[in-house]
Amino acid sequence: MKRAFDTAGDLAVDVEAAVDGMEIASIAKIGRRDFLKLTGLVGGGLMLSFTGLRAAATGGALHPNGFLRIDSEGITLYAKNPEIGQGVKTSLPMIVAEELDAAWEDVAVVQSPIDAATYGPQVAGGSNSVRVNWDLLRTAGATARAMLVGAAAVRLGVPPAELATRDSHVLHERTGARLAYTELADAAAAMPVPDAGTLPLKSPDQFRLLGRRITGVDNEALVRGEPLFGIDQSLPGMKYAVYQKCPAQGGRVRSFNESEIKALPGVQDVFSLEGNGNPLELMPGVAIVADSTWAALAAKRQLRVDWDESTAARDSWSDAVAQAGRLRHEAGANRVVDAGDVDAALAAGAQRLESYYTYHFASHAQLEPQNCVARFANGAVELWAPTQTPHRGIGNVASTLGLAPERVTVHQTRCGGGFGRRLYNDFMCEAAAIAARVDAPVKLQWTREDDMSHDLFRAGGFHQLEGSLDGEGRVSGLRDHFITFADQGRPVSGGSFRPGVFPTGLIDNLRLEETALDWRTRCGAWRAPFSNVFGFVIESFIHELATAAGRDHLEVMLEIFGEPRWLGTGNPRALHTGRAAGVVRLAAEKAGWGRPMPPGRGLGLAFYFSHAGHVAEVADVSVDAEKRIKVHRVTVAADVGPIVNLSGAENQLEGSVIDGLSTMAGLSVTFENGRVEQSNFDAYPMLRMPDAPQVDVHFVASDFPPSGLGEPGLPPLAPAVCNAVFAATGHRIRTLPISEEGFSIG
Amino acid sequence: MRLNVNGKEHELEGVDPNAPLLWVLRDGLGLVGAKFGCGISQCGACTVLVDGQPVRSCSYPVAAAVEAEVSTVEGLAGPDGELSAVQQAWVDLDVAQCGYCQAGQIMAAEALLRENPSPSDADIDRAMAPNLCRCGTYLRIREAIRTAAEKRTEGGQS
Numbered sequence: 001m002k003r004a005f006d007t008a009g010d011l012a013v014d015v016e017a018a019v020d021g022m023e024i025a026s027i028a029k030i031g032r033r034d035f036l037k038l039t040g041l042v043g044g045g046l047m048l049s050f051t052g053l054r055a056a057a058t059g060g061a062l063h064p065n066g067f068l069r070i071d072s073e074g075i076t077l078y079a080k081n082p083e084i085g086q087g088v089k090t091s092l093p094m095i096v097a098e099e100l101d102a103a104w105e106d107v108a109v110v111q112s113p114i115d116a117a118t119y120g121p122q123v124a125g126g127s128n129s130v131r132v133n134w135d136l137l138r139t140a141g142a143t144a145r146a147m148l149v150g151a152a153a154v155r156l157g158v159p160p161a162e163l164a165t166r167d168s169h170v171l172h173e174r175t176g177a178r179l180a181y182t183e184l185a186d187a188a189a190a191m192p193v194p195d196a197g198t199l200p201l202k203s204p205d206q207f208r209l210l211g212r213r214i215t216g217v218d219n220e221a222l223v224r225g226e227p228l229f230g231i232d233q234s235l236p237g238m239k240y241a242v243y244q245k246c247p248a249q250g251g252r253v254r255s256f257n258e259s260e261i262k263a264l265p266g267v268q269d270v271f272s273l274e275g276n277g278n279p280l281e282l283m284p285g286v287a288i289v290a291d292s293t294w295a296a297l298a299a300k301r302q303l304r305v306d307w308d309e310s311t312a313a314r315d316s317w318s319d320a321v322a323q324a325g326r327l328r329h330e331a332g333a334n335r336v337v338d339a340g341d342v343d344a345a346l347a348a349g350a351q352r353l354e355s356y357y358t359y360h361f362a363s364h365a366q367l368e369p370q371n372c373v374a375r376f377a378n379g380a381v382e383l384w385a386p387t388q389t390p391h392r393g394i395g396n397v398a399s400t401l402g403l404a405p406e407r408v409t410v411h412q413t414r415c416g417g418g419f420g421r422r423l424y425n426d427f428m429c430e431a432a433a434i435a436a437r438v439d440a441p442v443k444l445q446w447t448r449e450d451d452m453s454h455d456l457f458r459a460g461g462f463h464q465l466e467g468s469l470d471g472e473g474r475v476s477g478l479r480d481h482f483i484t485f486a487d488q489g490r491p492v493s494g495g496s497f498r499p500g501v502f503p504t505g506l507i508d509n510l511r512l513e514e515t516a517l518d519w520r521t522r523c524g525a526w527r528a529p530f531s532n533v534f535g536f537v538i539e540s541f542i543h544e545l546a547t548a549a550g551r552d553h554l555e556v557m558l559e560i561f562g563e564p565r566w567l568g569t570g571n572p573r574a575l576h577t578g579r580a581a582g583v584v585r586l587a588a589e590k591a592g593w594g595r596p597m598p599p600g601r602g603l604g605l606a607f608y609f610s611h612a613g614h615v616a617e618v619a620d621v622s623v624d625a626e627k628r629i630k631v632h633r634v635t636v637a638a639d640v641g642p643i644v645n646l647s648g649a650e651n652q653l654e655g656s657v658i659d660g661l662s663t664m665a666g667l668s669v670t671f672e673n674g675r676v677e678q679s680n681f682d683a684y685p686m687l688r689m690p691d692a693p694q695v696d697v698h699f700v701a702s703d704f705p706p707s708g709l710g711e712p713g714l715p716p717l718a719p720a721v722c723n724a725v726f727a728a729t730g731h732r733i734r735t736l737p738i739s740e741e742g743f744s745i746g
Numbered sequence: 001m002r003l004n005v006n007g008k009e010h011e012l013e014g015v016d017p018n019a020p021l022l023w024v025l026r027d028g029l030g031l032v033g034a035k036f037g038c039g040i041s042q043c044g045a046c047t048v049l050v051d052g053q054p055v056r057s058c059s060y061p062v063a064a065a066v067e068a069e070v071s072t073v074e075g076l077a078g079p080d081g082e083l084s085a086v087q088q089a090w091v092d093l094d095v096a097q098c099g100y101c102q103a104g105q106i107m108a109a110e111a112l113l114r115e116n117p118s119p120s121d122a123d124i125d126r127a128m129a130p131n132l133c134r135c136g137t138y139l140r141i142r143e144a145i146r147t148a149a150e151k152r153t154e155g156g157q158s
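Listed in order, the protein sequences are those of chains F and R.
Using the numbering used here, read the first sequence as starting at 1 and increasing by one per residue.
Using the numbering used here, read the second sequence as starting at 1 and increasing by one per residue.
Don't read these hints as lab results, they were simulated from the structure.
Glycine residues also receive a C-beta, built at the ideal position from the N, C-alpha and C atoms.
Keep in mind that the hints are not guaranteed to be accurate.
Which bits of chain R does chain F cover? Going by a derived footprint, with three or more residues having C-beta under 8 Å, they are [said to hold, decoys possible]: (1) 35-45; (2) 66-75; (3) 134-144.
Bound-form chain F, shown alone (with noise of 0.2 Å):
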């Protein structure tokens, strides 16, 4: 209505594409001389007015960046991005106090508001925290300890050269003195702010926090129950809503039992909403609000809404099924890469494979499900957010309600779960509809129901692939023809090829074709969008090729990464062949690769580089005859750079690596005519504690640029439990989830 229609494919891919690239282009036109200026506060009252750890303490505070404050009672450091599970609250504000030399004891995290001007982007998607803010958070910190080693020289009457710093203390080792920078912090504030490009930063080796085992900042909060969580958020006179959208995406409220559902207890209101337009912010619906959630909740289930679905979505996974068979033959619509010369290559093999692999449809299913607080007073809205993109959710919110963005204020919640869905501000957009219609704060809370048929689904997909060897054994040729979804010519989110992906610059004759099927219904980004799935793909194919060639998988691997050497000179995100090949030997290693296993047991590798991280997995399985498959362990070897919080590091990837044989194993979401055909946990059976394997992490230390672990750990694991499968029975999986072969992990 305020804009013309964007399909909601088109806007998901937009918010990928904001999420890789948009952190990196601000925070890269940032060079450290002009760091302060985006940093330094306006006015030194605006950080009280979030602090609020301390009373105020006496004299100035040392706050010469919005990432950190010392005063006289203590030091306080502010984590800037949304906190979704990937551990950012925690290993972000770590980055700081190394530069700073604050001991970890000594310092206390809050979260910090939501301000693009004080912190650029905050954003919590694409494994970019760690990778984006390095630079800008290190420099936050040495230019504190520049100040207070400076304001320590004045005080001692010594140059500043003489003084080291350690444990939130500067040292003056010939007179012992020792001052706290508590102490110092009031001198330090009147201090001339360093120029952020002469700043000494500390080389790895001098590192005394990062690379540690560090407990999560949150977690005493966490294991008292305290407020964390949007769902969590309360506010004085707050309404409970709940919304009813129609099952199938565009369908538009034609009536409802409006009277019945006033009628009932608890209920204040009921109403519909029209939409804006745009799928992305607000589908139309029927609200109710009532004095709690339960009775809101309990009244959505009297609620009888007559939809017109002339303009809804009539998505069909057993349509895209066998539309794909049909075309899965012919050529692709669309060449996306196109090396060498294919049909040759294919045609003169010594042997040439085909083969067809097939994906599902899956849910981010984060386990708290959407919900958001907000108050609507004087033409203006205020929300409470579990949002992983909260300043598109303030332009998200705006839209919807034609308010300046100025007129949106978002606090940032700590998030159950992203996994991706949180990219995306539906939610908010709701909460701020409903709440200008309501004289009170409204809390909205979806369901899982909501949730799950409302996600923004990780698409299917269909892959035929052909691939050859020439008399050597070696992989000659590889044509992969991806059949995916568009809605209204626009490729889904995750169904188009990623521009230099694995395996593009490492097999000479390769060429990447698509073809799109129509899809209406809403699709995002899911963890490590499209290599959570085409890793699967490109790596069990790879392993095939290997199978029929007699040669060794592990061989055969390193044969195609080659000499080490960037796939793309200049570019920081591409794949690197010798840290590939680095941590393929490392998993290699630790696993025990190509000792003797028993019977109906067998080791299945795998690779894949996502979001800057190069990670190779083994999976050790054995598989009985009622296909059920037993994870032994799981060897997961990555670079990623230096580790910034090995504990959160470890975890991260442990979580991949259950998280990925999870959706592997059983994960599923069918549609038909337009309706998800799943609705909660009993129908969508994730992985349980008694079926989780033994993960062992390892690290190549190496001096790279660090880059984030959110993402990479989830690729490399369906091919390398496939692989192990295969080893192990002889019979190649070729469907995800891998219940659709008739298979099981338990």
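Following the hints, complete the assembly by docking chain R onto the known chain F.
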């Protein structure tokens, strides 16, 4: 309607006896440690103890808890705020990722260790199977339960 939660009596007025215990705890008493995940006893995020037994409070009518003692994660710490052995193990082993399921996991673990002070790994798996962790922290949960069991045994708790 009177409800005993963490040793404290609460007088509830105008509460639907069919309302799930979860929403009475969260909206009525402001105890938000127990979480809403699925509403159908599938995920365990809402786990609390009723007379020492783990129940899924999202599907447990509040009326059924009226004569009982309800324990939530907020009541585990000692009077001086000291964390229980289970809570402390969760902190020390850095179990949580997003943390959303962990209050339910901790309550399930407390119930297990009160019944069975030295559980085997199979006992742990069996007791914890009703509780989903979407982030996949199962290995650390298992380890934290082992650690807490040892600490409780040493400390003479049972």
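Here is what the structure says about each hint:
Only residues whose beta carbon comes within less than 8 Å of a beta carbon in chain F count, and the region 35-45 of chain R has 9; three or more means the coverage holds. A stretch counts as covered by a chain when three or more of its residues have a beta carbon under 8 Å from one of that chain; for the region 66-75 of chain R and chain F the count is 3, and the coverage holds. Interface restraint, the region 134-144 of chain R with chain F: holds (9 residues with C-beta to C-beta distance below 8 Å; minimum three).
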